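> Given next are the chains, with one letter for each unit.
2 protein chains.
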Amino acid sequence: MSLDLAAIRAAAARIAPHVKRTPVLTNDALDSAAGAQLFFKCENLQAMGAFKARGAANAVFALTDAEAARGVVTHSSGNHGAAVARAARLRGISGIIVMPHNAPQTKIRNVESYGGKIVFCEPNLTAREAACAEIVAQTGAALVHPFDDYAVMAGQGTATLELLEQAGPLDLILCPVGGGGLLCGTAVAAKGARPGIRMVGIEPAAADDVAQSFRAKSPVSIAHADTIADGLRTNVTGQRNLPLILQHVDDIVTVSEDAIVTAMRTLWQNLKIVIEPSAAVPFAAIQSGALDVGGQRVGIILTGGNVDLDTLPWLKR
Amino acid sequence: MSLDLAAIRAAAARIAPHVKRTPVLTNDALDSAAGAQLFFKCENLQAMGAFKARGAANAVFALTDAEAARGVVTHSSGNHGAAVARAARLRGISGIIVMPHNAPQTKIRNVESYGGKIVFCEPNLTAREAACAEIVAQTGAALVHPFDDYAVMAGQGTATLELLEQAGPLDLILCPVGGGGLLCGTAVAAKGARPGIRMVGIEPAAADDVAQSFRAKSPVSIAHADTIADGLRTNVTGQRNLPLILQHVDDIVTVSEDAIVTAMRTLWQNLKIVIEPSAAVPFAAIQSGALDVGGQRVGIILTGGNVDLDTLPWLKR
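Note that the protein sequences, when read in sequence, are chains A and B.
First residue of the first sequence? That's 1 in my numbering, and the numbers climb one at a time after it.
First residue of the second sequence? That's 1001 in my numbering, and the numbers climb one at a time after it.
Hints were generated in silico from the structure; no laboratory data involved.
Predicted, not measured: the structure shown is a model, and the values here were computed from it.
Some clues are possibly wrong.
[Said to hold, decoys possible] In silico contact screen, one side only, chain A against chain B (beta carbon under 8 Å); selected entries:
no., residue
1, Leu25
2, Asn44
3, Gly49
4, Ala142
Note that the Cβ used here is the ideal one computed from N, Cα and C, for glycine as well.
Start from the sequences and build out the full structure, keeping to the hints where you can.
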């Protein structure tokens, strides 16, 4: 099994009762500044405030009843954890979320609000995976990996099917890159539905493991991804992601921390929506000039809006 | 001539090329807390970030070519000014905006960004009206009054026609009350399209001229409306508004300043959208318990999102 358009279409049908069809926003001022037509797919307006609701719902609802009865477990720095907790509650099963102890308070509260049981661990992948493995061994719970999972990727790709319906023909789709699950789902959906479309992933320069892996054509990990885009600190360590990225993605572009904060504020100001730093990363590539989109129709996945409203980054500088 | 459902339907057809059909958002957590089903009509996502785009577009595009050739003028503390400037530019005519010199910087920049010519005046209605009258006398420009104008009210009412289509049957519609133009347009649209619906206007207690006028059944003005909801400081001084309000509105409810700030933050946090204080006023009535909406399907007009992102009210307290 791999990931294809048919799997993403099946996911769309499976999760339709459990997620929102989010709006696509446009803005004349941003279009003028970019010299392009920008279509913002607002997954910050998705249930639980992030696209992760899609992948988690698809993975949880694709389980057989026997599998589901033993519950689900995942590890996540935030939005995916809330999404798995939410999907588990919707299916009426147990959901355990392994989180790093330094996860943002907003994201911890979000998981709790959906009834997820949190197990804290050290903030590194080894500790996360060990904690998950122990829970799987003890309970028989199904692991819903945040990105190295075809069902999760298929769910994430459903946002792009909607975007293509809502925005009409697009030349280019941009999304941020963290663990790579969204990028894989988005790329397979986009290239499957519109073979001529261009697909570019955007990554913080301070967490550029995917950009490095893409150029090296093999996995490169970086030790300390110190970016404000907390959703994108993950390395692409899965077995499944990098091969799909190398097959379906045209380029990976990186942006600075300053460009991310500036882009975040610009989108709040112009689109009148709350997005988290990770969601601003693709627009940062346009605004900073790192990516030339002149004359093109560009779809942009705005990934989430779970930000601490008391500590806005442009007020700290 | 007065204001009726036919005029609002005509306005909807007239302005369709010039404004957005804004999304309606729902939120499970807010519904649970309210014990009701809430449908938020997101006019903060309207062109220029406020419902005022609708009324101004209708008034400007309803002018004959001969009238339009002499330009338009208005007075406004903010969003209506930007809306008239925008509509004038779309029609290719001159737009002059009289603004109080203490208007928020965000709203001044907004008017300028649409090519409006600003004339500053003292922050009181007498000064505003005198400045407008002088410009009308000099130029022959058409006055597009911010609220005491049936064409403006008809345009504002078009948001409610959309809301009723998008949300399905509603028991109650809430909107904030400033000068009363939105309330009149909303009430006439709602009662015209769904005769059994209940219509309630919500006002800051610190600017409760409409609540007082509603009870007295004649215009009551208050001298210093010191509310954070800067869009709602206006008194209902027009000839046309109070009679329509007395005819079509079921009640006027007031809320405290603290309730407005709390509601604003709650809506940013849960809906992931940027709204200005004025837009939070109706939800403040629900959240504070000033209005009982238990078990009802409630439509709420979120009026605008033009707020200064550097001075958020919950960070000042």
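> Hints first: check each against the structure and report whether it holds.
Here's how the hints hold up against the structure:
1. For Leu25/A, the shortest C-beta to C-beta distance to chain B is roughly 6 Å, which falls under 8 Å, so the interface hint holds.
2. A least Cβ separation of about 4 Å between Asn44/A and chain B falls short of the 8 Å threshold, and the interface hint therefore holds.
3. Checking Gly49/A against chain B by beta carbon gives a least distance of about 5 Å; that is within 8 Å, so the hint holds.
4. The closest approach between the C-beta of Ala142/A and any C-beta of chain B is roughly 25 Å, which is over the 8 Å cut-off, so the hint fails.
Violated hints amount to a single one, hint 4; each of the other numbered hints is respected by the structure.
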